[in-house]
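*Asks:* Given chain A's structure and the hints, the job is docking chain B onto it.
Line by line, the protein sequences are chains A and B.
Heads up, the first sequence is in numbering that gives the first Met the number 0, so the first residue is 0 and it goes up one at a time.
Heads up, the second sequence is in numbering that gives the first Met the number 0, so the first residue is 0 and it goes up one at a time.
If you're looking for bench data, these hints aren't it; they were derived computationally from the structure.
Errors might be hidden in some of the hints.
[Said to hold, decoys possible] With a Cα cut of at most 25 Å, we get these calculated SDA-like pairs of lysine to any residue:
{"#": "1", "chain 1": "A", "residue 1": "LYS4", "chain 2": "B", "residue 2": "LEU150"}
{"#": "2", "chain 1": "A", "residue 1": "LYS4", "chain 2": "B", "residue 2": "SER171"}
{"#": "3", "chain 1": "A", "residue 1": "LYS4", "chain 2": "B", "residue 2": "GLN115"}
{"#": "4", "chain 1": "A", "residue 1": "LYS4", "chain 2": "B", "residue 2": "GLN161"}
Note that the coordinates shown come from a computational prediction; the quantities given were computed from them, not determined experimentally.
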Amino acid sequence: MSDPKRLLESSSHAAGPVRRALEAARAARPVEPLTREVWTALAAKLPLAPTGSGTPSSSDPSGGALGASSASGTGGLIGGAGAALGASTAPISTAIVIKAIGAGMALGVLVSAGAFAVTDSPSSAASAANESNSSSPLESPALPPRLTVPTAGAPTQSSGESPRSAGASARGPAEPERAAQAHSSAAPATAVERPAPQNIEPAAAGPNETPLPGKSSAAFAPADAPAAVARAGGAGALQRSDGSDALEEGRLVASARQAIRGGSPQRGLELLEGANRRFAGGQLAQEREVLLIEALFATQRTSLARERASQFLRDHPESAHATRVRAFLH
Amino acid sequence: MDFREVYDANCAFVWRSLRRLGVPASSVKDAMQDVFLVVYRRLPAFEQRSQLTTWLFRICLRAAKDYRRRAHIRREVLGEVELHEPVDQNADTALAIEQREGLQLFEAALSRLDLQQRAVFVLFELEEMTGEQVAEALEIPLGTVYSRLRLARQVFRRAVVQLSAASRAVHSRSASKS
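Bound-form chain A, shown alone:
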């Protein structure tokens, strides 16, 4: 069998409009900042040099901290322990603000898994394409808030942590206003210093995972009682009866996403904490959890982030977010 002629080959008989459409598609290029922004975002999650030939830091308001990291000369190496992660000080996409709102509206609807089912999914075990989760409906189960913080000076990631459950869900429904105030005042303090590469290796991650100072620390304050979680969940359940709460939840999640990907992961964490507290078990529980994992990585709480990522995959192996979450584990 030989290949047919391509439609754009000069000898093909493709009609004018077909040719025009294909030529336009072939000429399409990504807009200039995009490659930089994606690289910067990756650098926030991986031990990469955030700046370089294709990623000038001129657009990066936190270029100083990033520059310190890239000066190490090892940031671009691959193949090291996948756990080593950089800080998220880089601005990235802001075009997705309303996405979470849409998702919030959308998650109330059961999605058919077969709506976009594809029958020829590559299935080779060796294939790198097998990262994706299997097809499944979007789920919107209540994901219990589980903000935990390792103790300072933990010698290893696995054994040195003393997870504590979050204040997020345990402090009750009276907190949102205070949280919102905290969010509005927390922005200036959200810069995260990127540590030297040796400090982001897993074995050295402990010192980076000390509790957050100030409000942040309060945000991750220990909350011991599952009953408190249940109470907060109950309040959230009551609030969910109002459709406007779903929108509000979406807005909060969108703001958190924007903060995290705009270089303020600490603020993102606080926003998520507020959302978790206010909408415990809300419709965007998965979305919140994924963002929270991302923010934890970005603020160097790598072992905690991994722990939550693992838990997320155990709880939601079929989630549409599974691919992204899985990527944090390696």
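*Replies:* Using the frame of chain A, we list chain B on its own:
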């Protein structure tokens, strides 16, 4: 193979693959991150038994499937249907307008294809892969590549004709009104 080199050399490929596979502009950055996170993780194990681009495209296809699953409700809610941004929104030249219209036509026609057809169509027609390479990229038999390509072309051509006719009708109506 250095991750940075892979990124620099293939960022545009990943972008256009995702876009052509239906990932909208508002999600393409996230999708690109997902793809390159997988690439980062898997690159050391990539044995170069296949072409890098075919391997990348498989990852893009997976990412696109994820996004389609998550995004189709968003599209319904937000009317998020575009595939490509105009190439240069500031260049208001005749060429840019023509390019934009061509892209819109392409996007609209491509949206009539299912994901399997899209994958074959864009790899063969736009990435200029051979049938064998497409088969390898999608891990399907060569005969399936050809049959999907044939179907995709039919659907695409028909859509372009319909959309062009509709566009002409709209233009003529607006011209007659003015």
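*Asks:* Could you run down the list of hints and mark each one as holding or not?
*Replies:* Now the hints, each set against the structure:
For the proposed pair LYS4(A) and LEU150(B), the alpha carbon gap of about 15 Å is at most 25 Å, so the pair holds. Simply put, LYS4(A) and SER171(B) have alpha-carbon atoms about 35 Å apart, too far for the 25 Å limit, and the pair is violated. For a cut-off of 25 Å, the pair hint linking LYS4(A) to GLN115(B) stands: about 20 Å separates their Cα positions. The straight-line distance between the Cα atoms of LYS4(A) and GLN161(B) is roughly 23 Å, inside the 25 Å bound, and the hint therefore holds.
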